[in-house]
Amino acid sequence: MITLTTHTADSHNIGIIAFDRPGKRNALTPEMLDRLVDLAPQAAGDHDAIVLTGEGRVFCAGFDLALCQTTPDGDIMRKLLTGLSNSCRTLRNINKPVVIAAHGAAIAGGCALLGGADIVVSNTAAKLGYPVTKIGVSPAVSAPFLGVSISRGACREKLLLPELFSGKHAHRIGLVHELTQEPEDVIERALSIAANLASKPHAAYAATKQWISKLEGSEQQNHAKLGLETSLALTGGPEEQRLLGALTF
Amino acid sequence: MPKLALLDITGNLATLTLNRADAHNAMSIDMLADAHACMDTLESLDNQPSVLVITGAGRSFCAGMDLKEVIIDTDASIPRQLLESLAKLTHRIRMFPAVTVGRINGAAIGGGCGLSTVCDISITHADAKLGFPEVDLGLCPAVVAPWLVRKIGAGKARQVLLTGGLISGTRAYELGIVTQVVETRDDLDEAVNKATASLLSGGPDALGATKALLNTLDGSNDLDILLEGAALSASVLATDDAQNRLKSRQK
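Listed in order, the protein sequences are those of chains A and B. Residue 264 is where the first sequence starts when you use the working numbering, and the numbers rise one by one after that. Residue 1037 is where the second sequence starts when you use the working numbering, and the numbers rise one by one after that.
The set of hints was computed from the structure by calculation and includes no laboratory data. Beta carbons are placed, not taken as given, at the ideal position from N, Cα and C, and that holds for glycine.
Sample of chain B residues facing chain A (criterion: CB under 8 Å; computed from the structure):
1) ASP1172
2) LEU1175
3) LYS1192
4) ALA1193
5) THR1199
6) GLY1200
From the derived model, a few chain B residues whose C-beta atoms are all more than 10 Å from chain A:
7) ALA1093
8) GLY1244
9) LYS1247
10) ALA1248
Put together the whole structure using the sequences plus the hints.
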C-alpha cells in the first residue's frame, strides 16, 4: 500500500514514496505509517531527495476510519496516532530534501504529515484541514509540527475549528509553500523543486536544515511526545466511541 | 582611509550608512568594526535618537560577507571573527531602543539580507535583489537564520534558506522578509521619509518600551544562539567543499 520508485532528473535520483491505496483515497492504515517510518530513511540513503505523494486523485484523506471503527477500544486509532507522530518526526529528521506533493486533498492525518516536509506543494482548489474533533479525536499530535511552521494564531484556529480550507488559503497561511492551478501539475512541480534542492551542496543543506529545526524547537522530542500523549489520552474514550461510531460509510 | 560605516544624527533621527560602495558594501571585518563604532557612539549619547535608519551607499544595500575574507589561506580565525562580529552587530541593532528602519536601496544578499531582516521595519523596491544564497555556496546561514525564523516563521524560513538563490523585492515582501515594497528605486525615499516621520511622531519611551517587549517575546535578547550560529557557520565554511566552491567562484 506504499511504493518507492526512483525518478531521475538532471542526474539527481529522487525517491518517490507514494501511498498506493487510491480506491480508498489513500486512507492510512497503521501498516502504511509503519512502512513509511521504515522506508523514508532507507530511501533517503539511496537517493538525493525524497518526494512523498499519493496515487490517484488525492494525496491522502486521513486515517482509515472504517478500520478504526472495528476496534471501539481505540486500538487502531492509537496505532495510527503513534505512527503519524513517528512519521512526521522521521521525515523531519532526514538530512536530505523532503518535498510533499499534496494534490487534491490532505485531510486530518494526511494534513498532519505536511509538518514533516521542507517544502509542500499543493493546488489552489485542494482541500486541507484537521476536522478531527468532529469524531472526538484531538489533533494535538499535529500541533508540535504545525505550531512552529505557521503562525501560532493560525495554528490555534486550524486545530480548533474543524473545517476544511482550500490550497490557496493554506498557501496564504504558509502551510503550503508552492501552489499549482491544476492538481495534475503538483507532482511535476514537486519533482522539479526536489531536483533543485538536491543540487545544493549536501553538507551545507544538512547543516542548515538541522539548524532551523533546532531554532524552531521541533527537535524537542518532548513536544512531539506531549502532542501524541494528548491525542492518545482521549482515544477509546466515550466521546470518540459515540462520534466515531456514528459515522457511516 | 574613509570610514566604512557613517553615522548621521539629526535631532531624533539617526542614519547609519554602510559606506563601501565600490564593493557593494560587502561586509569586511573593517567595515563591521566601523559599524560597531557607530553603535558605540549611538549607545553613548545622552539623548538617544528614537529612529535609526540603516542603508547602503551607492546602488546596493549590502552584498553580504566579503568572500575574499572568508577564503582561508593562512588564518582560519578570520571568517570566525567576521561571523561573530556580524552576530554581535545584529544583536546590538535589535537591542538598541530606537526603532530601526532598513532603507534597502538595492541588493541585500546573505548577511546583508540578514541585516535587513533584523530591522523592525524594512522598505525596498520591486527590482531589488534579496535573498540567502548561502547553501548554493556550500555555506550555512546560521547567524541570520534566528532573525529570519523570528520574522517570517520557521516554515517559510525553511523554504527560503534551503532553496537559496535570489528573489525580487516584490517576492521578499510577499514572504514577509521586508515589510514594505515600492515600485522603483526613485520611490524609496518618499516611503522611508513617510515611515520615519510617522515613527518620530510617536513617544520615544512608548516606542522603546514596545520594541523591548517584542524583543522579549520573540527571544531576540538571546545573544548565545547567534554566537552558536556564528560557530556553526564558521565550521561549515571551513570545510574543503565550501572552500573549493568559494575559490572557484573567485576565479
